[in-house]
Amino acid sequence: MTQRQVQLRLGGGALIVAAFLALFAIPQWVSSPSNVGNIVLSPLFWPYALAGFTGLTGLGLIFSGLQMQGTDEPVNDPIEDTGAAWLRLAAMAVLMGLTMFLLPRLGMVLTSMLVFVASAFLVRTRHPITAIVCAVIVPLVLYAFFAHVAGVAIPQGEFLRLP
Amino acid sequence: MSFLDSIAAGLSLVGNIEAFLALFVGVAIGVVGGAIPGMSATMAVALTLPFTFAMQPITGILLLLGVYKGGIFGGSIPAILIKTPGTPASSATILDGYPMAEKGEAGRALGMALWASCTADVISNLALILFAGWLASFALSFGPPEFFTLILFSLTIIAGVSGESLLRGALSALLGLLLATIGLDLVYGTNRFTFGDPNMMGGLNFIAVLIGLFAIPEILAMVWHPTAHVGKTRSLGKNWVSFADYRRSFKSIVRGSFIGVFLGSIPGIGAAPSAFLSYSEARRTSKNKENFGKGEIEGVAASEAGNNGVAGATLIPLLALGVPGDVITAIIIGAFMIHGLQPGPMMFILNVDIIYGLFIGLIVSSVFLFMIGSVAIRGFKYVADIPKRILIPAVLVLCIYGVFAVNNNIFDVGVMFAMGWVGYLMVRYHIPAAPFLIAFILGPLLEDNFRQSMLMSGSDPTILVRGPITWFFWTLTLLTIVAIARAGVRAVKNNPLLSGRSGP
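Protein chains in written order, with the numbering used here: chain A, 1 to 163; chain R, 1001 to 1504.
Think of the hints as simulated: they come from the structure by calculation, not from any bench.
From a predicted model like this one, the values you see are computed outputs, not experimental measurements.
The reader is advised that the hints may include incorrect statements.
Said to hold, decoys possible - Over the 10 Å line for every Cβ pair with chain R, so calculated as not near, a few chain A residues:
hint, residue
1, I16
2, A19
3, L23
4, N38
5, L106
6, V123
7, A131
8, F145
9, V152
10, E158
11, R161
12, P163
Said to hold, decoys possible - Residues from chain A that face chain R, not an exhaustive set, calculated with beta carbons under 7 Å:
hint, residue
13, A14
14, Q28
15, S31
16, N35
17, V40
18, L41
19, P43
20, L56
21, P78
22, I79
23, L103
24, S119
25, L140
26, Q156
Ideal placement from N, C-alpha and C gives every residue a C-beta, glycine not left out.
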């Protein structure tokens, strides 16, 4: 991805966001009382104004992107195996989704232990034993602090009840 | 309340072992956090924030300020020893610090970095004490139109100078403002983008947004490229910094400190430009200018002084006006809010004991920084040996606990994950995250002051230019836009191939 591509994609994205907000999201999901006399004081005014400015910024980004000379220099550092990197990112997204699903069921401590181990192996740790030991200790220490020092009601889950 | 009464009130608040211990621990966490390549002072402050919930307000804020101060210095350690800046502001330190390390003088460079940092820190703290109260008393005469123009100016300059281009900064700030509209309307109480979900009615949780934006992208970057962080640590060498070195560099240190104070007190500029400006001024005026870039100790002193001179000064707009100047002060404003405090001019009247307590703590933090920094320089080897691929999963777990602890709400953890992906996309597309976060914080204030102005004037927009203060901020805003746009156009003309990096 070159600088020019970044600028054009951002501009296009900003225009799409602005159009989506103005044509669909704001009319659909922002409610306003019917008796507002002045448009400036309406709850709709600020989101519409921001959507308008986002559209203008998008046009500016596209214009400046078109002004740029073509260069093949990528903006991000290249890596060896892009396919594997995308797979790891997808796995991380799944892990985050699973975390949200498991937190109320397994509780925070057990879920955190699983998250720790999974993410350590996802980043290809060279210390698997240390990772497993830390995966047990770190969530327990954090539980002890937040539950007993900070007084936070940490979710316990259905399988493990900690003091 | 007289000055002495205020100091006595502040002392009564921080004159206990708990407050000083928090400050000491904060500086230690900051130095270690800043010294771990890829951690950064920002992440260290963000991750420490949840631990302050259970503390007294002053103790929690001192802990965070300690992390901030320590983190800024800590970033110079890997910059000198492994040519990897722990914080972006330490990039200038590499220019002479790493060549010194290559010559076997890493210990001398680090010693000078510490002395220059502490000196700049003291000067910056004194500037804060001198100017914050004065600025706050001036700001007491501000009404909604003045605050609206002040916040608009702050957002403009933050958007303009935070990233590689004004337009990307503006896009970032606009997205932050849009995100801030989620929740119940401030005047009518109607729903805005809440989708009928009670979790969204109070708006998105600030801590979840900030941790998602600044900690999770680091984790995702590690997932994308797990071996990007590997570096080789240099030994400290036998030479150590001497008083003669310090005396020779003193002028550059003081000049760098004042540059830091000046740039730090303007919202948005931050430590990195200050460090580079201080470095280039030292090189321009030094007798040894030909040695700069080859391992000149005065270069290390100047860049570190510029870098640390910012730390106290960024608190001037935060405390006096309630406007965070950079990301770290934006996190610190979150700590104030969690404890029910609103920084700004009224705080100098309602919570003068906390203000003076913070001043006292900041002065003491310079002494702690000197003590802990001396030990950290020798102990960096152990910090550098912490496996990053164990640290990152630990950070992820800490994020989950910390964000949940704010409201005891799993929904906030989901918000953090979502914002993490937004932050990662912003990193990939080189959109600065600072304008996004600061706009998210200032968004409700901006809208609120705008609507209050309209209510006051019966919707007459001329109220926004009602007096010299509003004119002053409008002029500054326009000047900022023109200056940044001109700089961008000039950069395009000079080097068309680099236009995307510096263009508007």
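Right, here's what the structure says about each hint:
no. : hint : result
1   : I16  : holds, 13 Å
2   : A19  : holds, 14 Å
3   : L23  : holds, 15 Å
4   : N38  : violated, 5 Å
5   : L106 : holds, 12 Å
6   : V123 : violated, 4 Å
7   : A131 : violated, 6 Å
8   : F145 : violated, 7 Å
9   : V152 : violated, 5 Å
10  : E158 : holds, 15 Å
11  : R161 : holds, 18 Å
12  : P163 : holds, 17 Å
13  : A14  : holds, 6 Å
14  : Q28  : violated, 9 Å
15  : S31  : holds, 5 Å
16  : N35  : violated, 10 Å
17  : V40  : holds, 5 Å
18  : L41  : holds, 6 Å
19  : P43  : holds, 4 Å
20  : L56  : violated, 9 Å
21  : P78  : violated, 10 Å
22  : I79  : holds, 5 Å
23  : L103 : holds, 5 Å
24  : S119 : holds, 4 Å
25  : L140 : violated, 11 Å
26  : Q156 : violated, 13 Å
Checked against the numbered hints given earlier, the structure breaks hints 4, 6, 7, 8, 9, 14, 16, 20, 21, 25, 26 and satisfies all the rest.
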